[in-house]
Each structure stands twice: as C-alpha cells, then as structure tokens.
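2 protein chains.
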Amino acid sequence: MKTYKILFLPHQKEIEVQDKTVLIRAAMEAGVHINASCGGEGVCGKCRVIIEQGQVEGGLSEKLSREDIEKGYRQACQARIVSDLVVRIPVESAIDSTILNLQSAPRKAAGIQEMNFNELKEKGLFVPPVEKRYLEIPEPSAQDNLPDITRLIGFLKLNHDEHRLEVDLSVIRKIPDVLRKNRFKVTATLARPVRKTDGRTRIINIQPGDTTDRNFAIAMDIGTTTIYGQLIDLKSGKVLSQYGDFNGQISYGDDVISRIVYAEKPGGLEILQQVVIGTINKVIQKIIQRAGIDPDEISTITLAGNTTMTQLMLKINPRHIRRSPYVPASTLFPPIKAAELGIELGDHVAALVYPAVSSYVGGDIVAGVMGSGMYRSEVLTLYIDIGTNAEIVIGNRDWLACAACSAGPAFEGGGVQFGMRATRGAIEDFSVDPVTIEPMIITIGNVRPKGICGSGLISMVATLFEMGIINNAGKFNPDLNTSRIRRNDNFYEYVLAWKEETQIDRDVVLTEPDIDNLIRAKGAIYSGCRTLLEEVGLNVADIERIFLAGGFGSYVDLEKAMTIGLLPEIDPDKVIYIGNGSLMGAKMSALTNRIRRDVVEVTKKMTNFELSETPSYMDHYVAALFLPHTDIEQFPKLKARLEGRKRLNKKTVSKN
Amino acid sequence: MKTYKILFLPHQKEIEVQDKTVLIRAAMEAGVHINASCGGEGVCGKCRVIIEQGQVEGGLSEKLSREDIEKGYRQACQARIVSDLVVRIPVESAIDSTILNLQSAPRKAAGIQEMNFNELKEKGLFVPPVEKRYLEIPEPSAQDNLPDITRLIGFLKLNHDEHRLEVDLSVIRKIPDVLRKNRFKVTATLARPVRKTDGRTRIINIQPGDTTDRNFAIAMDIGTTTIYGQLIDLKSGKVLSQYGDFNGQISYGDDVISRIVYAEKPGGLEILQQVVIGTINKVIQKIIQRAGIDPDEISTITLAGNTTMTQLMLKINPRHIRRSPYVPASTLFPPIKAAELGIELGDHVAALVYPAVSSYVGGDIVAGVMGSGMYRSEVLTLYIDIGTNAEIVIGNRDWLACAACSAGPAFEGGGVQFGMRATRGAIEDFSVDPVTIEPMIITIGNVRPKGICGSGLISMVATLFEMGIINNAGKFNPDLNTSRIRRNDNFYEYVLAWKEETQIDRDVVLTEPDIDNLIRAKGAIYSGCRTLLEEVGLNVADIERIFLAGGFGSYVDLEKAMTIGLLPEIDPDKVIYIGNGSLMGAKMSALTNRIRRDVVEVTKKMTNFELSETPSYMDHYVAALFLPHTDIEQFPKLKARLEGRKRLNKKTVSKN
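So the sequence lines, in the order shown, correspond to chains A and B.
Each residue of the first sequence is one higher than the one before, counting from 1 in the working numbering.
Each residue of the second sequence is one higher than the one before, counting from 1 in the working numbering.
Chain A with its partners taken away, still in its complex shape:
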C-alpha cells in the first residue's frame, strides 16, 4: 500500500497516510481543524483548503469559483490524496479559538447563581452530594481482627452517626494499604444518596491522613460547538479554575444533525464518543493544572449537554433523534463511573449526567432551568437559549412548558453568505449613516472583518429596518442612491466592507436571502413563545422576566432583538443574561444534592411541545415572518419609534 506525507500549514503538522485517503480525514488524524459543517457530504463548501504542492483527486465543486480552483482551492472533504502534499488551511476555514474563553464569564450570571445558593442555604436545603470525614480508627489486634471494611463502617456508624452505608469495589481494593500507610488515620469520602429514603450513602474513596480540606468537583457543559469546564471547591463552593475548548466533534459536522449522520456510519458513534471524551479530558487537564489539584482529589463530575451530545457522550446511538417522531433513547441516565466513559478521573468518580426532556430540549436546557432557579420562582419567566438550535422554556414553579424551535443556524452564521461564529473578525455591531448609507462596523477582536456573527446580523437588520433601508419584509429600498446597495441576480445586497478592507480578499455583503433567513429564525422563536403561552391561556404580554442563555445571549443587543421581533417587548431591566446556563446548572448539581433531587421532578413537570405537531404554531409562524411582526401592536414602543422616524424623514425630505 502506498503512503504519502502531508504537511499542513500554517500548523507545520506532518502526517503519513495511505493512498486515496480523504484529505479532511488526514487533517483530523493530524489534529488539524478544518471548519466543516456538513459532516463531509460536500454541500456546505466550508472546508476550503489550498493545495500548495502535490496532487489530489477530486475536491472540485460548484462551491468553488474558477478563480478559486486556479489558486489551488479544493474542498477537503471531497479530495483524495494521491501524492505527497503541502496543504494550507486558509484563515476562513480554520477555527479561531482565541475569543472562546471570554464567553465563559457571562455578564450577570453570577448574581442569579449566588441568589439561588443563598436561598437554598437559608431554607436548609443545601445538602453536599459528597462529603469527607477524617477518622482515627483503632488498629486491629488478635482479639479484634474484623475485616478492614467492617472496621471502617463500624467506626463511621459509632462515631459519625453514619448509617445505611455501602462501599465501592475500588475502596475495598485500596483499603488495606491506605489504612496501614498512616496507622489507621484516614479520610473517607462519602457520596450521599439523592433522596435519603432512596438508597445508601456510598463510601467512594479512602485516603491516608486528613484530606478533608481538599474535596473538589468538576462541572461541564458539553456543547455542540464548545465544551466548558469548571473546577469547584466543594468546601467553599468557589470556582477555582475554568476553561473552554471547541468540541473535537466539530471536524465531523457543525450541528447535531450532521453529527447524527456521522454517528450512523459504521464505527461513527464510537469515533464521536472518543472525540468528545478527548475534549472533555483536555478541558479537565487544563482546569486541574490551573488549580493545582491532583486528579485523585476530584470526588464528582456533573455534565450537561443537549440530547444528542449526551447520547453521543454515553455512546447511545442518536439515530432516531433526527427521524420523525423524534424519539430519544432515554432522557434519564443512570449515574455511571466517569472512568467507564473514558474520562480520566479516579475509579471512585461517578459522572452525573443531566436528564433531558425530549430529543430537542436537552440536559443543557434543564440545567439552565435548575441553575437559574426559575423552577422555584413565582415569576413567570421566559428562558431562551439561542445556539445551534433555539430552545425556549416558559413557566414558573407551578408549571413549565418547553419547545425547541427549528430556528435554523442563522444566529450562528449558518445560511448566511458571510455568516460565521462569534469569533475574531466577525462583525458584531453595526450602524449606518441615514444620508450616505455608509456603514460603521465593529468586529470581535477589532480586526478587519471576515464575516457576520449572529449578534451582528441582528444589529444590521434592526438598524437597516429602523432606518427604512429595508422594509418590513426585509427587502432593500432599491431607490436609495448608494453603491453599497447593488443587485446580484435575483436579489439586492448591501456591501458591508469592500474586498480590500477585509481579511478574506472578497467583498463582505449582507443579502436579502440572509435577511430572510434571519426573519425565519426569529419568527420561529417568537411564534414558539406565543404558541406555548397560548396553550396555557396566556399571551406574550404576561411574561414578567426573560432569562437569556447561551454565548449568543451574552452578545445580543436587547433593544435590537426586540426591534426585529426576536424577543417580546419588555423592560430591558427584566431581561437577565444567564450566560452558560448549562454550566451553571452543572455547577449547582455538583454543589448540592437538592438540585439533583429536584431535577427529576422538574424534567417530569416540563411539558414538551412538538411545535410541528401543534396546530396553532404554523399560523403564529407565518404572522411572525415580518419585521417585527404582522401585528405591530405587539411592539408598542417600536411602533412609536417608527412613527416618530417617519415624521422625521418626512421633515428631512421636505427640507431637502
């Protein structure tokens, strides 16, 4: 079998592969990320690479212009290696992770969490799931030669009032040496049952000497795109370190659907499971290093993710999640040893995986509902997490309704010609001169623009709409006198940045189809909220509070989100950025059993609506396909502003 050497630039990574290997797979093996969102089907056209030396077979497609092809561009997922190669990953195909960790410290999240903790503590509902006990056990003698475990349990019963105890095999394996290392002075780690009446306290670890000061937990959010971890001191409740990284599964598809497609291929599920565990281990290593902790000192790990991510992580085939009637294998998961999943933690560490509600309302959302405390509050709250998918939960401590909205990936840059994730070079804010129609753009990292992220897109559409540059159907006014607006085949587009101002040597534009996609996305979410409310006999005006979760939520301009009709009009002070709600819930569960106990009840209480099966949804959706909505009366403040502007425009026109 012939093999070839492939050198990837700018990474300078080299790998040897067999003849006819697909280029994107070689990159994967070399650990070189190439942005690919279609799982290698060749349709997204994002995995563009430049062949600088050597030959490939295939890799041409309609996504590449003649000019591109002459420059050596190929689609990595379609190209087979037939010689030694030097391959360059162009900037727009590489993922830039420099911006990631900014997002792990969301704006107002800490306040909410603090509040919940205090409330639980005041009510005496705060039960640590894992505790340590320092024990000075009498040594055995010829007259008293009980088994080590019997001696330990007896001592805990007699001196620490601990009853109904059981022991892990890993503790039985360690106990003879640990007891005798420090003359029977040891620290036992006790894991509490979620309900006192429902199970036993498990002795999960035993360490020589007094280690009661060192008892740590890990909380993780397993996102489709990113994986965040926090190292938590179980004694103080403080976060000692945190880290986020891209989910290694990105190389196998951008969204959950392409991951499921990949998981259905032979061996695909196993690969995706190993890859996500790989990222989890990387994040764990980082946070452990940063905090200066020994892995053996970790007592528990809590993980939250959407239903697909959870099933992939647990090696459960997600096949039916994407097929009608969208049935997940399970939404409740038994506690499982972290080591059994391949997570590099001690044998004694149980992984608690957050339960889900349905195929598209996952453990990440449940974690947000738990972490934000909305399930214990009287206030009627809309919880909304806009990411690859958009999930909404409406309710309070008495009832909870939830749904996933097929918003499409517009908020994450999908379906938008120059769409991209909220990373360096993405336009995130925008204004326009009402007279010259010239833009002002601000990018993440303040560098030359590469594309448009979700919050930028909202900002643009809201601004252009308020300025009257686009109408309530999202169409450009063709009569404006500017070279920025131009016709391109069947539609108009607005030039945000000229080729020479960009990082990518092409004009960055906003097109009518882009705007249309955004309108569909926001329409799906808004009509989702209306449908849920209507099902319980309420309407949008009854919402008393909005919790905005997800990385997207931290960046979006609230007023503009209301201008385009994404969010109901509400006093902006009543909109609270939750940040990473999934991580917040995971942390809460790591700290108190109360949350672990409540969560099962809460998931049962969360009534899931399949919007596609709810008759009124389609009517609401169609009505929402305008800016901000067919029924402007639902947006009274905006209505007032628009009327004010019309008067102003008329004045300006009459002045001219």
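No lab work stands behind these hints, which were simulated from the structure alone.
Be aware that a few hints might be false.
Copies of one chain are not kept apart here, so a pair can be met inside one copy or by any two copies together.
Said to hold, decoys possible - Listed next, the in silico PhoX-like pairs over lysine-lysine satisfying Cα-Cα at most 25 Å (straight line): (1) LYS499 - LYS157; (2) LYS181 - LYS265; (3) LYS71 - LYS574; (4) LYS185 - LYS5; (5) LYS650 - LYS637; (6) LYS157 - LYS605; (7) LYS157 - LYS604; (8) LYS181 - LYS315; (9) LYS475 - LYS639; (10) LYS637 - LYS196.
Dock chain B against the given chain A, drawing on the hints supplied.
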C-alpha cells in the same frame, strides 16, 4: 536480546522465550502445566522436568538425587533457559484432569438441595432474582413521542404492575434498535432487589421478540485447586450442563499462602487475577457450549470461593490475610458487572460474589451453609469442608460458630512423601493381610499407583492402626516379620508398591512422618470442633448430624475417618455428603433472592473463632495427637472393636 525455542513434551507445544527466562514461566506461557506447590520458591521439589535436549542454568537442588540429575531431571522453577530446549514433563509433575469431572456429581448432595428448594417454595420464599417479561408496546407516533426508556417503563408500570424501576446504561444503548427490530415487541429482563424495601428493580436487558423461555444463570465455585461451573435454567431450576477445570493459578503455587506470596510481587496480583478469570472464562465457554446457549442469554452469575480466591478474583490485595492478625480487606462485596472483572458475559450481567466471614472462613463455606440449609434447620449440625484448609461450622438456625483449622495439606497430598491429589493413579483404598502384612491397594482410575491421596492415607492409617501394625502414636511395630516395613534413616516406612509395580519407577511408601502429619491434621480438626462446642457449652456427643463437604468428603470412608479420630463417632446414617457445598450455595443464590437476602444475616451470625487465640484449643489439640485420641472413651465403638481384636490376636498368638 537472544531468544530460544522451547519444545514441551509430551504436549508438543512450542514457545519462543527470551534468554534467561525461568523454565517454569516459559511452561506457563506455553499453557503447559507443571505441578508446583511452593510458588516457585524451589522448596517443594515437585516441578521436576527432564531436559532432553539443550542447556539450562541452575535447576539443581537437594530434592534431586545424583541419579535424577544424570537422567536430566531439573527443578523447573530454578532453571534458567540459555539455549533451545526440548523439555519433557514427567508424569508425576503433570496434572491429570481426566478424573476431575467425576467429582462434580457428589453422592447425596442433590437430595439436600432439592429439600431446601421445596421448603422455600412451600413457604413462598422463592423469589427469582432475575425474571423476563414479554411486552407488546404501542409504537410511538407524532402525538406520542416519549423517549424509548420512558415508554418501556410506563408500559411495565401500567400492564405488569412493575414499580420503582431503574435502567442500566447498556439497555439505553440497545433499546432504540431492539424496539424497532420487531415492531416494539420485546422481552425485558428484570433484576429484583434483594430486599423489596431496599432498592429498585433494574431493567438489565432487552431483546427483540419473546425470549421468556430462555433465561439462564451461571453458578461457580472458585476453588484454590479447581473451578467448577454449572449452567442453570432459571425457569425450571435445572442444571443444564456443568464443567470443572484446574484453577490456572496452580502454576503460581498450590495453596492460598503461596498465591498470596505471589500476589505481593510487583504485578503479581494482576497476573493472578487474569489467570483465574481465564479459567472462569474457559469453564463458562464449556458449559455454554455444552448446553447450546448464547452468552447473551445468561442473566446472572454467582461465584463462591474462599477469602483469598475471592480477593484475587476481585483484584483486592490479599497481603494481610496471611499476616497476624489476619485481617481481610472485606468480607462483603458489592455486586459488580461481570464484564468489569474480565468475565466474558454480556454487559448486563452482574456478578454476585458470596460474602465471607473471616480470612480463613470464606464465601465457599458460607455458600455451603446456605446451600445445605443448615442455617434454617433445628438440627445441631457439624459442617466440615476438608480441602487445602479445613473449615468447620457448628450450629443450627439459632446460632453458628465457625473456625478454620490449620490442618496442613496432608489431606490433599501435601507433607506426605508420595502425597498427591485425588487424581488418576492415587491410592484411594487399602487393606492389609494381618498375617503376611501384604497390602491390597486400589487406585483412582484403577491404574498402576503413583502416590497416595487423602482418602487413601486415612484408609491406610486406620487399617494399619486397627490391625496393630502401627500403635496409637502412629509408629510401626518393628518386630513384624515383613520386608514391607523397613527402616529409613530415622524412621520406619511401609512399602505400598514396589518400584516395578508403579508408574513412577520408584517404591511408593508410607512413612512415619507421613502418619505423623495425618495425625496432626486430624487432630487440628477434631480439636477445632471440640473447642467450638465447648465455647457454646456443648460437647462432641451433642452433634446430631455431619455435613461433609468438598471433593475429599465425597471419597473418604466414614468409619475409617472415625477410627483415626478425624470425625466424632456418630451413626454413619447421620453423616451426609454435601459434595461441592460452595457450588451448591452458588446455585441456590442464582435461583432465589431469598438466599441472597438471608446470606448477609447469616454471615453476621457466624461467630468466627481464631483457634490460635482461643486458650483451650492447644490443650484439645495436644490431646488429639493420638489414634484416635488420648481419651478413647470419646470413641466407644472403636474401643469395643479394638478390645475385640486384642482378644482375637491373643487367641491367634496362642494358637500359633
């Protein structure tokens, strides 16, 4: 590094090893068994091999005569390989397993077991630990798209009155495909909690279609020497197949102490664990094959073994078992997945490991107490298992006392010059002509003799004593006119078979030190019984029944065992051969949760006596170092026979 080829004869097995490899280790790797009882320390002298071609370094020892060395005999544990070799394993060093399976069908055991089962069933105490339910579940639809697991649990609740259910991850992994394979017609396997109030029913497996007819369990006895397995039909309670094989650990030492010594070496514990699991898997494969079962159809496995075997199997360091004050790591073991131990059964199979009482009264004895039903009976019973060690339990349903007697390995052929296990060629029965002093010997398999097994030894000593050929101190009468009795340095010996009549080309003899070892062994056991009884205010005459367990128990001649004072004198009808009590108990636990429930209470009830720490024991022991005992009054029937013989002898003498 140089490597050499080693050919083992008569096995015709070849293996390549590195320079200086110890010969016995090469044999192990080649899967060639060499009898070795000292764990490779070079003291037992049993691992004799013949170097037919090539060179070894070392391997000479005082155990080998000059003649042996000239013939090419070496000790395999002391010889290092320095060239290609042809090595022959002589017959006395090889283990002959042809006889093994005879022992797995003990004489009267079935009756006892049957009785217990019927009693439990009559009393309604028979609760199968694993049951199957065939379910025809409605298929999901757009209006009813519950998760697969929720659907399954809901159906079981509604239609089968099953509550408090939990699910294994392995079932979640399988359920989407299994449900859809046969239109939601499936069989669920339910594992019951040992106590209804203490835990949930676990759904451990799901299979397409109706498989309720096929529900099987495995019961195993993990002996130091042999491992027996039975395949049990959980529906009928019948044993479908059984198989026994030598514990692969034999290559690392004959008895528990030499195994512990080996386990303390770096990596030793891991090796011993793998080796015993290897044998377990071999036995499982055989019984599954013989019964024509698919491994996926096995629902549960129960294992019983002594404390050391149990700890080695679970990879728990047994180090402190052999060190005063003889503290085991644990005597209770949590249920553990069989697959986690390396046992080749489905992910859903939990291994139930029998609890022990102490370092030397293990799960095998507890299993015997459970399986024989003695713990539920009013009859005061002596349970005795004579194997590598001797364990005794005395009591009834109100109280149980137990102890291990350091009987030494005499009953298994240890410490006896021509001692061997009860395998082909072992002398198992013996009589002697009172005039000519010529013997009649019967061997297992009726072949030419190689040595003496435990039951043979008892038969010889009892016969020689009754005949007056040895006195009550075990010494030969030197005045008898026979070439069979001859002086050998410091002691007398009796020639059982002349060199040319044997398989081994040497005289097979019974020596005074051999007899002395037997007297010590039986003395330890008898005084153990007396000590236990005395501690509860009873004496030997109060024993109403004897349960005789172990392979040895099946072969021993009861009257002769009483003649030498091994067993108390009792009506032979009240002595019941239990056979493999450990396997019997394992089977009972596989069949009914009642036993699983009771066993924890029973182990707590079993008061363990460390005889070495019990002051009266040494007095009883010294008194027992005669044939049958210092106090012949304890053996009234024997006393009468001896007096009768004396009168007869006097008559004979006076006639002559």
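_Going through the numbered hints above, which ones does this structure break? Give me the numbers in ascending order._
The structure conflicts with hints 1, 3, 4, 10, although it agrees with all the remaining ones.
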